[in-house]
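Chain by chain, the residues:
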Amino acid sequence: MANPAEEFQEKMRVLRVAYAAQLPEKIRQIEEACAGYQSRLDEETLQTLHLMVHSLTGSGATFGFSELSRFARVLEEFLKGIVNQGSPASDVQLTEIQRKIMLVKQATASIEATPAAPPDLMAVSTITDEPSDSKKVFLVEGETDLARELALQLSYFGYQVRVFNQLDAFLQAMKTTRNVLVVTDISFPEDSMGGVNTMRVVQQGRVVPVPVVYLSALDDLTARLEAVRTGGLAYFTKPVIIGDLVDKLDEMTSTIPPEPYRVLIVDDSISLAKYHAAVLEHAGMVVKVVNNPMEMMGPLQEFAPDLILMDVYMPECNGMELAGVVRQLEAFVSTPIVYLSSENDLDKQLSAMSLGGDDFLTKPIRPEHLVSSVTSRIQRSRMLRSFMVRDSLTGLLNHTTIKDYLEREVARAKRQKAPLAYAMIDIDHFKQVNDTYGHPVGDRVIKSLSRLLKQRLRDTDVVGRYGGEEFAVIMSNTDGHAAIKVLDEIRDAFSRLNHLADGKEFSATFSCGIADVALFSDAIKLGDTADRALYEAKHAGRNRVVLATGS
Amino acid sequence: MADKLTRILYVEDEPDIQMVARLALETLGGFTVEVCSSGNEAIARAPVFQPQFILLDVMMPGMDGPETLKMLRGLPQTASTPVAFMTAKVQPNEVAQYKALGAVDVIPKPFDPMTLASRVEDIWARCHG
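Top to bottom, those sequences are chains U and V. The opening position of the first sequence corresponds to residue 480 in the numbering used here, with each subsequent residue numbered one higher. The opening position of the second sequence corresponds to residue 5 in the numbering used here, with each subsequent residue numbered one higher.
So that you can see chain V by itself, here it is in the shape it has in the complex (with noise of 0.2 angstroms):
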């Protein structure tokens, strides 16, 4: 049996989205969220609040995901923490693609903030099923 899933680092830059993503994981999903607005600020939190679960966008000034997702491997804490990207193009290929880049699922955006937190409980699910 898994964990129970409490800790996710989740890596926006848009405020916005932030703070209807955090409140959904948050007041729905009763999570403890860490937000960082960029990948280099989420390499640099990682380590300290070793996330069990990391939601990271695709698209970002600076880093992007996949960059993010390359470095978040290279650190000893999070080099096998189930990582899964939110990104608003989701062609079926492209999803291929994430996946082989190591994360274990895509979230489409628009995401359902009423749902948000129960898929991520999902994905959780299957990580450790």
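Just chain U, with the same shape it has in the complex (with noise of 0.2 angstroms):
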């Protein structure tokens, strides 16, 4: 985030979803509220619903919903004249609160009326997403021969885009449509602003704004800060770099969420420590707990934690020593640790620190507290870590950090009896492609076949780039017949797509090699195996995917 105010409003806006999704419970607790206190006419029930009517005055309008607001005051104040009147309330009174709910109830329908959340909201609003409603684009450009070519590529990486050369039959398309990408031009002949100025009206009213990218001829700050108040999420100048725009069109649909945080909390007290786990758990994160410090190397490797919360004091070892030891192996280099400690003199406490550990927590902590350093230390390692274990052109994982991936994973699945099945894919003539037609297409190739296997494979499965225009895939809980199974959908599939260039159209293919855990149980000669399986793909004729028999 670029600055504390576009922090702040991104924060509230997510706030914002979280809250209309929480109302209409919210009116159902007022209902019931309002039923108790129809039958026992009670004073306490009366109060308690008071209260609640207040609450919601005040955060509706916190929230910026005026009308829900208003028509809860009015509700608010009728129950105070009740309250105040010291006797229950008469029949008639009984009827208008009634009354005066109902409008309350039909304030919140409209916001729940407006337009869904755009995914990257779905973690936090309950609404569900539409696979096929997701890729759906608006595009608006006034040049007839650019809105075609855009058009006609972005169909390529599975979008359904309309057309519209003019504004106006826009902003008549969006009266009625939601859950849809606009990607629209600024100026028009008719506007030399009239990109942002539709989308201004388009925006009004709506709980959650619809997601805009822009493209414009013009790079002055004026247009980009016009875009930005309108909802624009990207701001591309001409001539669009069309695999830019894919990229972030891909960015704004991907329905991913993200995975759980993972936290390994060493600590000697078994009731501390669960306590703790249950807090970070609570709050959605992954935990293992170890009790006796001499036991924490298994675990580590296997569980792969993304911070290790850990006691200082603890017999055998303590955690100063045990933070040394972590630190001299290479996989946890950069693994935040943190230390939960009663600990309160600070020279101890930067003591501690000077020897690999990251922050000092002191107990009792607060769960909002520990929730919150954990989390925000885990988001930026896990960032500074994307930058190296993903591959920067299809946002894979790397030749290495698969590698890594398919170590633990082997370890896991033969710990646990569960079947694993390996694959390696490679794009077949791959060469020719970017002889023929240039590296920016094969490119493409290549990211059109990440894309898919991101789309068609399940999310645990694990998908890497590992190398040129070769891909490996872990997918556990999965035999070799189930695999070979999914790829071959995956394989039919791609030969399927058309890829563009230079106003020609071509297909590609891959071939592919399985091996199975159940005959390779290491992750080396499985690797082995699934490459020799590959090879044998390619010699067979190549498209094709081919599962390595026991030899």
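Keep in mind that the hints were calculated from the coordinates and are not lab data. All values derive from a computational prediction rather than experimental measurement. Some clues are possibly wrong.
Unchecked claim - Calculated cross-link-like contacts (lysine to aspartate or glutamate; reagent style DMTMM-like; alpha-carbon spacing at most 25 angstroms):
hint	chain 1	residue 1	chain 2	residue 2
1	U	K505	V	D109
2	U	K933	U	E984
3	U	K727	U	D870
4	U	K579	V	D20
5	U	K559	V	D7
6	U	K933	U	E886
Please dock the two separately framed chains into a single complex, following the hints provided.
Here is the structure:
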């Protein structure tokens, strides 16, 4: 995030959507309290009801739902009058309470009916995503040739594009549309700032703004500012590089939730460790607890935590020594280590940090502080790590990382006696693609396969770019025969994709070799076998999937 | 010249409003905010947190804002800490009433999250002007 104000507004937007999602439940509780009061006519329930409505008035206004707040305020004042009259509500008053609750309910209903959250907000809202809709694009562009070309290219990447050459038609269509991404030019013949001016109208009254990407010949700050103010998530100057545009749209439509944070707790106090684990788990993290520090090594390597939370004083060895050991393992050089201790002496805290710790939290710690300090450490460390472990072209795991994963997953599969399949994939005759159409086109083919693998495989499958045009897939809880079925479907889909170069279409295929952990039980052997099966697939004529048999 | 304002104790029973105010004060104001959900909690935490400034919701279940203020004034650590009330009903005569209770100002609800932090800064500056 560029500055506090932007960061704030982004967070505010997320909170607002989360709040809107809670509204039906809040109303339900108010209705319940009202029914309770009606049957008992007791002062306590009346007080509760009054406070609930008071909360709604305040919170509704805080989040900018002014209509809701206004109706809630009327109801609140009415209830206050009944509280002050000192006698139970009359029948007439009871009917009036119900009527006023109805009005509040109607005000929330109009909020729910406004467009669904864009995909990046799915984690906090309860709105379900519709995959077919998430790839719908409205392209608003006055230059008809450019519009046609962009629409065609976007369609190759799986987007359903509807083109508008005029702003009026677009504005009309937006009145009845939601769940759409808008890609629009800024300047139009009728209005040099027509794109932003129209979007301003479109965004009015929407709880969640429509995601917009702007295209523009202008690169000045005024235009860029207007773009941001009207919900612009990206700004591309012309000529538009299609790959960048697709990347941005993919990012906006990605529905893959982030992997939960993994925390390893090392603490000899069983009850405290359990408590801290519960707090972090409640916040959605995956936690593993080790009570005996001497038994940390196994869980550390297999669990591969994002962060280690460590007590300082433990029997046999202390936290600082343990941190020293962790830091000597190459894979954990950058894993954040946070000490949790009742140590109040600042000198001792600092000396503990010098031995490889990153932070020092003092017990007892409030749950929300523990969650927020762990979260911020992990966020930052994951971001840094992603630069090290991801391939920059595809965003898939890179060679080194996928190999590390494979070792870890094979160890896990063996321990749990669970199936696992490993596949190597190589695009056929890729050199010809590069030589004929050039490297940018080759890169696009690589990206389209990467996208297809991500789309078609399960979230639990691990996909990496092994090298040039070579990919690796780790499929946990899947045996060779199940893997061959899935990968053959992907092979078929890939061969049907049309790629575009210089106005001409061409297609590409891949070959794939699979090895099953039931037959080859260590990571190196598994890798070699998959590689050999891939070679067999190539040899047998390419565009096929081969499962290695036991030798 | 007054000290820089960093530590704010904020007392509010409504979790949704808590979130917004905390976000606004932390992100836009850069303050350290201790949030309490009731007057009782505020009285327990205030001596430890030692706030420089206290934001107090008026209408809360249990102990309300003015009652909480009275209790805070009885604690040595918060005997003279500036307190601002936050409330939805701000009639001019009520503002005078709240000020008579010892509040330095009254922030009307709903507050504008974008300007809450600067509003607090203003009040702080005025207290130490």
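Out of the numbered hints, which ones does the structure contradict? 1 and 5
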